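> Start from chain Y and add chain R according to the hints.
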Amino acid sequence: MNEVAAAAQAKSGGAAASTGESVSPTGKDAAPTGKGAAQAGKDASPGGKSAAQAGGGVPPAGKGVTQAGKNVSPSDKSTAQAGKSAPPVDKGVAQAGRGTTAPPVAGGVSPAGRDVADPPVGKDTSPGKGSAAGSSAAKEASPAGKAVTPPAGKSAPVSRRDGAAVPAGDGGLQAAAPEANAFEAFRRRPRGVLAQSGKIRPEAGAKTPASAASSPEHAPASLQGGGVPPLRASTRKDDPQAESAKANAADADVVTSAETVGEAPGDGSGTGAVESAQRSADSDAAGGVSASALGTDVVSDKTGVSDTTGVSDKTGASEASASSGTTGASEASASSDTAPASGVGAASEAVSGGEEPPGSGPDSDEIVILDDGESVQDEADQGETGEGEADQGETGEGDADREDVEDEVGGEAGETSGDRVRELPLPDAVSEALTNALAALRDSVTGLHFGLDLPGAEEARRAQSEILAQLDDYVIPRIHMSTAPALVVVAGSTGAGKSTLLNTLANAKVSATGVRRPTTGTPVLACHPEDYEWFAEGDLLGSLRRWEAPAPKAEPGSLVLVSTERLPTGVALLDTPDIDSVVEEHHEIAHRMLDAADLWIFVTTAARYADAPAWRLLRLAKERGAKLAIVLSRVPTKSRDVITKHFVRMLTEYGLGEVDRFVINESKVTDGMLPDHEVTELRLWLTELSVDDQRRAQAVQATLSGALDSFRTRIPALARQLEVQVTFRSELRGDVDTAYANALTEIEEATRNGSLLHGEVLARWQDFAGSGDLMRTLHLRRPGRFAGKASQQAPERLSALKSALRAGLESVIVSAAQRAAEETVSRWLHRSGAGEALIETAGLGRVSDELSRRTSRAVGGWQDHIIELIRTEGVTKRAVARLVSFDVESLALIFVIGLLGYGSAEAEGTGGGLPQRLVHALLGAESLRTIGAKARSDLRARIATLFDDETSRYVQALDGAGIPDESVATRLYQATYNLEVAR
Amino acid sequence: MSVGTTQTRQGLGSRLAALSRIVELGPGRVDPKLLTESGQLLLRAGDRLKLSADHTVVALAGGTGSGKSTLFNSISGLELSPTGVRRPTTARAHACVWGLDGAGPLLDWLQIQWRHRFARASALDKGESRLHGLILLDLPDHDSIRALTDTEADRLIQVADLVVWVLDPQKYADASTHRRYVTELAGHEAVTIFVLNQADRLSPEELAECVADLNDLLRREGVEDPVIVTTSATTGEGVDELKTVLADTVARRRAAVQRLEADLDRLTLRLAKAMPDSGAPVPLSSIDDARRIGLTDALCDAVGVPAVGEAMENVYGVRSVEWVGWPYSRWAAKLRPDPLNSLRLGDLRDEIKGLTGGSVSAQAAEVDTAVRALSDGLTVGMHEAWQNGIRDAARSRSAELPQLLSDELSEVAPRLDRVPGWWRLLLVWQYLLVLLFLAGVAWLGTALAYGVFGAGSLPAGLAVFGEAASLPWVGLMVLSVLGLGLLTAVASRNFVMLGAGNERDRLEREMRRRVGTVASAMVIEPVERELARYNEFYSALRGVRG
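Residue numbers (the working numbering), protein chains in the order written: chain Y, 3 to 985; chain R, 780 to 1325.
Don't read these hints as lab results, they were simulated from the structure. Please read all numbers here as calculations on a predicted model, not as lab measurements. Worth double-checking, as some hints may not be accurate.
[Unchecked claim] Short, incomplete list of chain R residues facing chain Y, as computed with Cβ under 8 Å: (1) A926; (2) P948; (3) A952; (4) A954; (5) E988; (6) D992; (7) K1052; (8) D1080; (9) V1082; (10) E1089; (11) A1143; (12) D1147; (13) M1276.
[Unchecked claim] Here are some of the chain R residues that sit facing chain Y, going by a computed Cβ distance under 7 Å: (14) G844; (15) P861; (16) V864; (17) A870; (18) A1077; (19) V1094; (20) Q1142.
Think of the CB as a built atom: it goes at the ideal place given N, C-alpha and C, for glycine as much as any other residue.
Same shape as in the complex, but just chain Y:
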């Protein structure tokens, strides 16, 4: 797992950092230490131990470090507490941050930084990214507190007291917790998290790093925004080592933060740096800019910042310049580590970029590389998850890229304009991580099956196929080529003039028009000849079959592809079927096209603009964050103003007032085309889009991230539905268990209170006893006539009683099972919806056909078992044995009669307890009790087995519905989470 890897790395990084300090100068030394650290990291990652180990590892760094270690350990304990403490953490951190930044500044900061970096990181890291961020924050806090060392003695202690250090630690730990926690938090309340992150951001803006620290818990997305600031704070203080450590610990996010931090350190430079950092954070949060963009931004910030900070720190701290050099190196290593861990190439790049400026320059670079290799190995050693390996591979590749990028960045660093950066293709590492995450997501969505027809299941199934189609048609292809031609989808009601519009824009009859509604059944894609190949062979809408010319008959899953010179390059138009006609397949196709669109052109008419389906579509566009343009077509010239105003007002009410709008007058359609002047504006708009790469790229990115954002709610919604199904299933299962448990209790009751001894059983018993057979089962131990007589006479009545008993017991069991079956069915029916379908699938309302056969076998077996028991365990009392012998079979029957509660009910008359007394006298109390208990438990076991067979029918019916288990939902959450992280 990414997180795990990150953790391990972080540890190693931390260790490296600490070692780095002691070792100081040579990057190499640092590197080896890094390994050792990494190992320590491994240990740490597995469990809570890590804290202690981390502490151990820390000592080399110095007091500060050790203290940090201590701090950390408490926090570990607190980890269990989970997210709650987050807010307090913020405060603490914030204070710490302040303390550090403000007076003590450089000197104070630097020590603090170390502390923070080392041990805590290791621990934190292990849990998860989010945690990592938190941990880093915590570290920061702790360092601040510890910063104590030389410079600002006061400030440092104060900050500690504030609880910055400790609380922060807690917070960090919590955040770090196990992945599961962070993950859980994420899963439980994605929205809540977002909201929090939202809050946090402003704080970050306020320059309080602490706030950021709290964020780690939040969804990954928030991490970017919130997580970054805190890191910065920590970094500032820290030496480079510290930074590196943090970087390691934290994932990509952390790294970025570290860098930013670097900026902060120098007070003088600090402010500016901080601001820039904030800016970057803000921009991330605000734009939801793609990962690459973020990464680049960050880099630029870092570079600028780090330069100043690094210098200032060193000077102020009065630490050895060499150390600074080391720092640089360590940072580099850290960055490399992080990169693999997070799998975010951008982050790592950014870090490295930051390093360069400090001045260590080439050295640092080399070091970096070394570190990378090592760290990678370390990771491998650690045997992280399969993903981890993949990451490593990526990192390996990524390093080279990174260097390149660094150079570039370095050159541009001064200027660093976010826009320019955006033009760069997505770094491979990013898109790869994203691809992996998406592939994982796709897999987990594909495997879903909503077997029960619960309310919402139908929607979920539809959502599932939509998501799959969108992933295949759009998202997965799209992340690989953000600058490719933009696909503009023309959608709208039937008869709105979509095809006419397309024809007019293409200046050719590429899509059929007519009076028949609906007209277009197969989507038609028109593009410039240059883009033709791209669309013909590209993965976008890859699952659709391409046609050269309009397909003879509308066949689902096809796409007509035409090229026309009239369309600008880089923009392709896609004419879709309607969204509201009687042909419902069209709606599906249209929505699928829309899901694959980079931009939407929504066409409506003067007669239709108030239609409900149209507004449903607009709302969808808004929800998805898709880039949208609206065309109001067929507007009568004379009422153009009235209609337009009204429409605009409606749009504004719906929050779509800002959308690009075009009005097309009602005019004569010739050959499926409008007069060209009607679409001039629209054509212009398209041309602009074609010419202005940046704008287009922006639009494409906006829609893409809108789509990715939408997964944040859509996939958890699926998972929730899945959970509903799982819960429902377990409720149904519970119904079965309850019903049969009741039946079992009923039977137990019936076999205890004598209610079984009615009817034939009673009559047979009376027969058996009254006719003297009962007495004949006993005979004096004197071989002779009586024995013979008894054995002759007994069988008839004895076997009658025996079979009556068996029949009675059988009927009790079968009738209880029957009632249980009915109860189950009625319970299922009471649960609305899905239960009914299940019941229809199998004749569950009654007992299974073999039940009575099996029951009689079971009861017969039980009777035999009792005979066996009496024979083997019923050791006759010695005193008795000398006098009397008995017929085992009869005695067994008598025993059963007694066992079933003969005499316990008043209705039995005067014979109360007779069988018991008889058996008691013969066998003694002790063996009577043992045999009794054994017989009962045997009976219960036999009935339970019978009922297991019965309930298995229901379980089969449930399984037949194909409801996945809960882990699938969890996997979904995890996949969503990973996706967010990868972004």
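The following block gives chain R in isolation, referenced to the frame of chain Y:
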């Protein structure tokens, strides 16, 4: 009102009556949703039939922008309903009445606001008498975003006598019209008209294509032979034709009934689908003998009647020995050592004896099984709801049944410790014989002592006992007394067994009779009631079908 109308009304009336019967019988058996709808239809039919039969409510329905209001104005010849280019335009239904008499309550029922009611009769009435009795409604649209929260159009479409769907070339194939209404109201051909408005926007060829397409579409949706009129409300083209169609309908005065019939037909179809007739002839309301006997047998088994009889016979036999058996063998048996005594459980013997005085009782589980078997057999092929109903009816008194059976049978159950008088006589006789035997033995002894051994002399009166010559005779007598006792014992035992057999037969017959009585009161009667309900329901369903 024509004769035909009256007849139809009667036909409709009886169908509605049958429907109300279904609503009465249905709860618990029929899907509640269907029942609710049936109830609503009944209410609506009752209301509509009470109100003016001389008026025909015609609703202009359609999507926003189709030109309903324009058409409304065009038909009425007045600018009654505001038209416009903003969508949606009409928010409340407007009504125009040709011939006001009695229309008021109808409009009230339709919940048309006063200010939206217009009367055409008093206004310029130039040759529009053919439309007399028409209430034309201009509905709000049903497909705009406004309609999502406003169900007025929906409501009025459900209650209008005749619905005119105003379609236009742009929207005629909208799912919102077809899926929600046209398909749902298939079978309402007689009370539905389709108007393709805005015909002026199309060329004649296009119009023809459009109409053909619409026709196909409607047929695909199950509207047989749709009435399609093309109009242009703005140019007035085709409006007269529409008026003629409306005038026809209004003149016939049958739309209201036809509409209700169509609704009823549709509902009936759904009812019949939800509650399929088993196909088999109506199950006999009275349960046949075979089933009764089967139930009685099963209940008898549950009570253990045969076993009780057998036990009685056996126990009788055993106990009779005490009374009518040969005393000598009894005494001999007593001399045998008793295992119970050796176990110090001597008192158990009495208990065992007392045990035979037990009563008869029924076993609940078996009773349940028996009842279930009956209902299962009866309900083969029935709809599940009725299966459950009959099963529940059969079980309705299951809880008390075992006790009741026990009580009932205990009355006839023989006391097994009963001792008939002749047993006592025989006992006396046996003892008499024993006495005789003893006397004979004494005589023998005397004869031996005095007659053979001459032990002395007997008093003169008793000399006869001392004669040795009497020895053979006395010996013979003693032996025959013994033999007589034995014979008597054997014979009386046979008599006992014979009697016990008879008694057993009588007992079993009596018990069976009683079980039968109980079963019919506790099981069969409720089942029969439920079966009657079942039959009534299906006859009502057939009645609704007409």
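> Can we keep the D1147(R) interface hint, with Cβ of chain Y closer than 8 Å?
Holds, because the Cβ-Cβ distance from D1147(R) to chain Y comes to roughly 5 Å (cut-off 8 Å).
> Is the interface hint satisfied for V1082(R)? The criterion is a beta-carbon contact with chain Y at less than 8 Å.
This hint holds: V1082(R) lies near chain Y, its Cβ roughly 5 Å from the closest one there, short of 8 Å.
> Classify the hint on A1143(R) as holds or violated, based on whether any CB of chain Y lies nearer than 8 Å to its CB.
holds, 7 Å
> Can the hint on V1094(R) be confirmed by a CB-to-CB distance to chain Y that is less than 7 Å?
holds, 4 Å
> Min Cβ distance, P861(R) to chain Y: is it shorter than 7 Å?
P861(R) check fails; min Cβ-Cβ to chain Y is 14 Å, beyond 7 Å.
> Please check whether E988(R) passes as an interface residue: C-beta within 8 Å of a C-beta belonging to chain Y.
Since chain Y brings a Cβ to about 6 Å from E988(R), closer than 8 Å, the hint holds.
> With a cut-off of 7 Å, does the beta carbon of V864(R) approach a beta carbon of chain Y closely enough for the hint to hold?
V864(R) check passes; min Cβ-Cβ to chain Y is 4 Å, inside 7 Å.
> Close enough to count: is the Cβ of G844(R) nearer than 7 Å to one in chain Y?
Because about 3 Å separates G844(R) from the closest Cβ in chain Y, which is inside the 7 Å limit, the hint holds.
> Less than 7 Å between beta-carbons is the criterion; does A870(R) satisfy it with respect to chain Y?
violated, 11 Å
> With chain Y as the partner, please determine if A954(R) meets the hint condition of a C-beta pair closer than 8 Å.
holds, 5 Å
> Can you verify the interface hint for D1080(R): is its Cβ closer than 8 Å to any Cβ in chain Y?
Hint holds; D1080(R) Cβ to chain Y Cβ min 7 Å, cut 8 Å.
> So, A1077(R) near chain Y? Judge it on the closest CB pair being under 7 Å.
violated, 11 Å
Checked against the numbered hints above, the structure breaks hints 7, 13, 15, 17, 18 and satisfies the rest.
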